[in-house]
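S.K.: Sequence lines, in order, name chains A and B. For the first sequence, counting from 1, position 107 maps to 107 in our numbering; every step adds exactly one. For the second sequence, counting from 1, position 358 maps to 358 in our numbering; every step adds exactly one.
Keep in mind the hints are simulated off the structure, nothing from the lab. Incorrect hints may appear among the rest.
Capping the alpha-carbon separation at 20 Å, the derived lysine to any residue pairs in SDA-like fashion look like this [what the hints assert, rightly or not]:
(1) A:Lys509 <-> B:Lys64
(2) A:Lys130 <-> A:Leu480
(3) A:Lys305 <-> A:Pro177
(4) A:Lys509 <-> B:Gly216
(5) B:Lys64 <-> A:Pro431
(6) B:Lys64 <-> A:Val517
(7) B:Lys64 <-> A:Leu480
(8) A:Lys285 <-> A:Val339
(9) A:Lys509 <-> A:Gly27
(10) A:Lys509 <-> B:Leu213
(11) B:Lys64 <-> A:Lys285
(12) A:Lys509 <-> B:Thr209
(13) B:Lys229 <-> A:Pro19
(14) A:Lys69 <-> A:Glu459
(15) B:Lys233 <-> A:Pro19
(16) A:Lys305 <-> A:Val451
(17) A:Lys509 <-> B:Ser214
(18) A:Lys305 <-> A:Arg439
(19) B:Lys64 <-> A:Asp460
(20) A:Lys34 <-> A:Lys509
(21) B:Lys236 <-> B:Thr220
Have a look at the derived ranges for each label pair, beta carbon to beta carbon [claimed, not checked]:
(22) A:Met22 <-> B:Gly77: 19 to 27 Å
(23) B:Asp195 <-> A:Arg439: 44 to 52 Å
(24) B:Asp195 <-> A:Met22: 28 to 36 Å
(25) B:Pro204 <-> A:Arg432: 34 to 42 Å
(26) B:Tyr331 <-> A:Phe36: 21 to 29 Å
(27) B:Asn125 <-> A:Arg432: 34 to 42 Å
(28) B:His92 <-> A:Phe516: 25 to 33 Å
(29) B:Thr220 <-> A:Phe36: 25 to 33 Å
(30) A:Thr428 <-> B:His92: 36 to 44 Å
(31) A:Thr441 <-> B:Asp195: 18 to 26 Å
(32) A:Ser32 <-> B:Gly77: 50 to 58 Å
(33) B:Glu244 <-> A:Met22: 43 to 51 Å
We treat Cβ as the ideally placed atom computed from N, Cα and C, and that holds for glycine.
So you can see what is in the structure, the chains are spelled out below.
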Amino acid sequence: MEIINQDSLVAPGDLNEAPISMTTTEGNLTGSWKFFSPCLQEKVSPCRTACPIQNNIAEYMYFLNQGEKDRALEILRESNPLPAITGRVCPRFCQQECNRLQLDQGVLIGSVERFLGDYGLKIPYPAPEKKRSERVAVVGSGPAGLAAAYFLARAGIQVTVYEKEAEPGGLLRWGIPEYRLPKDVLRQELDNLINSFNIGLECRQDMTSEKIEALSSDYQAVFCAPGLGASILPREFAGYDRVRQGLDLLYDLQQGRIPEGRRFAVIGGGNVAVDAARSLLRYGKEVEIIYRRTYAEMPAYPDEKRHLSEEGIPVQEQSLVTDITPHKGALRLSVSQAVKSEQGIVPGPVGSEQEVDVLVLAVGQTEHLRIEPKERLFVGGDLQLGASSVVEAMATGRQGATAILQQLDPEQEAPELPAPEPAAVNLTYVPRKKPLLLRETALEERVSGFVETDPGFSEDEAQLAAARCLSCGKCTACGLCWFFCPDVSIALETEADPPGVTIDSEHCKGCGLCAFVCPRGVIRMEED
Amino acid sequence: MNFMQNPPAQHTSEMLLGSDAIAYGVKLCRPEVIAAYPITPQTHIIETLSSMVDSGEMPSEYIKVESEMSAIAACFGSVAAGSRSFTATSSHGLALMHEMLHWFAASRFPLVMVNANRALGAPWNIWTDQSDSLAQRDTGWLQIYCETAQEALDTILLSYWLTERIMLPVMVMIDGFILSHTMEQLFVPEQDLADRFLPAYQAPYHLDTENPLSFGAAATPDNFYNLRKALAKTMKNVPKEIEEGAERFSRLFHRRYANLEGYRLEGAEVVIVSSGALTGTVRIAVDRLRDAGKKVGLVKLRLFRPFPREELLEMVQGVPDVLAFSRAVSYGAGGTLAQELRASLYHLESRPRIFDVIISLGGKEVFPETVIDVVQGMGGLSPVNSNWF
Ligand SMILES: Cc1cc2nc3c(=O)[nH]c(=O)nc-3n(C[C@H](O)[C@H](O)[C@H](O)COP(=O)(O)OP(=O)(O)OC[C@H]3O[C@@H](n4cnc5c(N)ncnc54)[C@H](O)[C@@H]3O)c2cc1C
Ligand code: SF4
């Protein structure tokens, strides 16, 4: 016991006065206390899961955010050989699942994809690692056929594509109009793909079932994706030369063959109807859509419908054309109100008459070729799926290519696509960002020609859009776990490739804070 | 201090709210971290600071927290990491911090916290009252009570200098509303002057992942006892350290603050001891009583913890009667200030009689007349076991 008085003062700030250990605490292996350990496990982002071709969005966005555009393109091309096209016309399945929708605004993935795709238009694909001697034929150069050709060629297979038309692309060329997919972009994208891999392209080859059979003797396998070449023609509309099929009309328009007449009515509510109507408007025609259900029920993509309304094309909803009569070089239509009954949608009592010069039908496509898949013959695209979308058709192309490669090489394991395991993200610590606005071409400019409705993103805008992506399921070494770990047991490896974190299991006490706070859901606690 | 008409060299003269005066003082000290939670009547201080941080005028990290407990805990973390930090609170907020106040001082972490004195409920009352800070007198913090906004501004600078020297936290008190919400003509030092007085904080110990040490981990009873003994020893040394600080401060800023300040003590038969802004009112009352021929003096108590016992002894030596003006009560014992004075002076051979006056609670107005009434009415009172309520 010592009496404290003025004479026995300790120097202020003396280290010995503070309750601090004299030596390092590193030797105290607090890790021995734990019964749960954090484990790093990257997951598949929900956007990737939603994407039919499983684009590795989280990964390419990460590299784009790191300023590595080429690497981002390379990752995108792993799964998508037509990004400049899908970036424009894909209905963006991915965006609907974006985790960021719960926070402020979802990432505009398609716009970033388009930017990267355009960037890649002039960048050739690297040559395949090895050349193989096998040859595979592809019938149809739509998105399904092209995707199959790509995945086969990338594996070193020699591919030849047989196409009925004079130019490749399928509905990308003859269906989707220029204001959504400029022909120049299409040409560059396809040229780059075909030239990079030296894919053989045989145009003007109208393949019959017999010819396709015959290919089997020259090739190790055949992938067949001729699409749905026939348009449905309801009986009551048959036999009038002022009645046109929407797809045929689009085909003509794309080649500059403009039909006569001023007043057009389009029957249908899908993409063909909307694209036909919008194209006709651009050629100065008076056009309206007649649809049997409500506007809200029209199956065309929401953006297409919005553009349709903006451009002032009227939609006569819940209406049925019950009769047509030629009348002084025009067509007189009897239009009834559509009512729902047990027999389906039937004409109601209320009706009216109207006159048009041309009636356009867009009520669906069906197969023009019947092909049964067999041992070395694979079928894909719309022919397999029914009318689908560009990216879904591409997915069948990839599946077909994978199946063919497996058949050629049964020893080789099929490349495994990641199992969809949604990342349990934690958005608590993610700063909110100002939503981005999509620019659109001014209305007057839009309707007076075929300029793209969506002008796309500048590089700066694309970077801003990418910067919103969290890269869910991927460790980006963001440092939140490092910040929260109360035991200083996490080290950030920002320079590593890929970047990540290492956990000092000797000192981690297993509290689980890191797993809880991780915005991207890549840390999981596992029982020891 | 002397009120000067023209600002001294390297100062600007400004009309400022007491709260803003403190914010300016804080800014001059360049804290790296500010973590605070709003509470009347302190809110203006951190509001001004937060807008200074927001505008980029002040390159500090401002941490928004969800309670005063978090505010002080965040400061605990930032100071442990070696950063100069600041917080401010009042009343219930300070009460909420109570546990961390012990941890701060006994961890030997430096911090400056401003407390705008305010009552605690019930009933709700937002006016000035020293119950909040005096209830924290045993936590190991230094406590300084300011009379004017200028004093408060200057005390921030002095307190940072001090806290980082003695490694004990400092609580600076202003009277809620009376100082926080009124304007005064102030001399604001230029940054360069402040920088010359207060060098950047070099933490003698801090969290370091390269050299992990345990801070505040379990200690044996003996260890604990010795650490607290060391804290008590440092407290004893504080008045001397303050003296040195005041000396350095006066050389640069041309004004000086003492732990205790005597006023008209010559031949005094009655001395009033008061603290905070109340002192200004007492000063006027003393002048009037002197004019009326009453030998009354005043001692302003600026430093409350550590209690400046030696200095007090010198001032009240031979004074027959001392009136302790308290703005806080220890119920069942009496006014806090009277208790402290009695404890300090008891050992004197000839000690003054000490009268316990609860001059105000919950912001009850004190006018010069109130003080004069108290002095004139004390004749009939016995200092033993009685307090003036
Ligand atoms: C007007 C319209 C707009 C659309 N808009 C979109 C959109 O915005 N986004 C979207 O994702 N999807 C859209 N789609 C759907 C999409 O275009 C199709 O789902 C997709 O193109 C189907 O791809 P595919 O490869 O199966 O067939 P197709 O694209 O139809 O390609 C088939 C190819 O096979 C060729 N072929 C046919 N028969 C033979 C034969 N006997 N011999 C040789 N070659 C033959 C054809 O000439 C054609 O080139 C739209 C469709 C239409 C009609
Ligand atoms: S934040 Fe990025 S990776 Fe995550 S779901 Fe959205 S787009 Fe996909």
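S.K.: Sort out whether A:Pro177 lies within 20 Å of A:Lys305, counting only the CA atoms.
M.R.: 15 Å, holds
S.K.: Given the hinted pair B:Lys64 and A:Pro431, is their Cα-Cα distance within 20 Å?
M.R.: Status holds; Cα separation ~15 Å.
S.K.: With a cut-off of 20 Å on the C-alpha distance, tell me whether A:Lys509 and B:Lys64 pass.
M.R.: At roughly 29 Å apart (the allowed maximum being 20 Å), B:Lys64 and A:Lys509 break the hint.
S.K.: Taken at face value, is the distance from the CA of A:Val517 to the CA of B:Lys64 at most 20 Å?
M.R.: 19 Å, holds
S.K.: Between the beta carbons of A:Thr441 and B:Asp195, is the distance compatible with 18 to 26 Å?
M.R.: 58 Å, violated
S.K.: Per the hint of 34 to 42 Å, is the separation of the Cβ atoms of B:Asn125 and A:Arg432 within bounds?
M.R.: 39 Å, holds
S.K.: Between the alpha carbons of A:Lys34 and A:Lys509, is the straight-line distance 20 Å or under?
M.R.: Satisfied, since the Cα-Cα distance of roughly 5 Å is no more than 20 Å.
S.K.: Would the hint linking A:Lys509 and A:Gly27 be met if the CA-CA limit is 20 Å?
M.R.: With a Cα-Cα distance of about 14 Å, the restraint between A:Lys509 and A:Gly27 holds, given a limit of 20 Å.
S.K.: Keeping to a limit of 20 Å between CA atoms, is the pair of A:Lys130 and A:Leu480 held or broken?
M.R.: 43 Å, violated
S.K.: Mind checking the hinted window 25 to 33 Å against the Cβ distance between B:His92 and A:Phe516?
M.R.: 31 Å, holds
S.K.: Do the Cβ positions of A:Met22 and B:Gly77 conform to the proposed distance bound of 19 to 27 Å?
M.R.: 22 Å, holds
S.K.: Take the C-alpha atoms of A:Lys509 and B:Ser214, compute the straight-line distance between them, and say whether it is at most 20 Å.
M.R.: 15 Å, holds
Of the hints listed earlier, those the structure fails to meet are numbers 1, 2, 8, 11, 19, 21, 26, 30, 31, 32, 33, in rising order.
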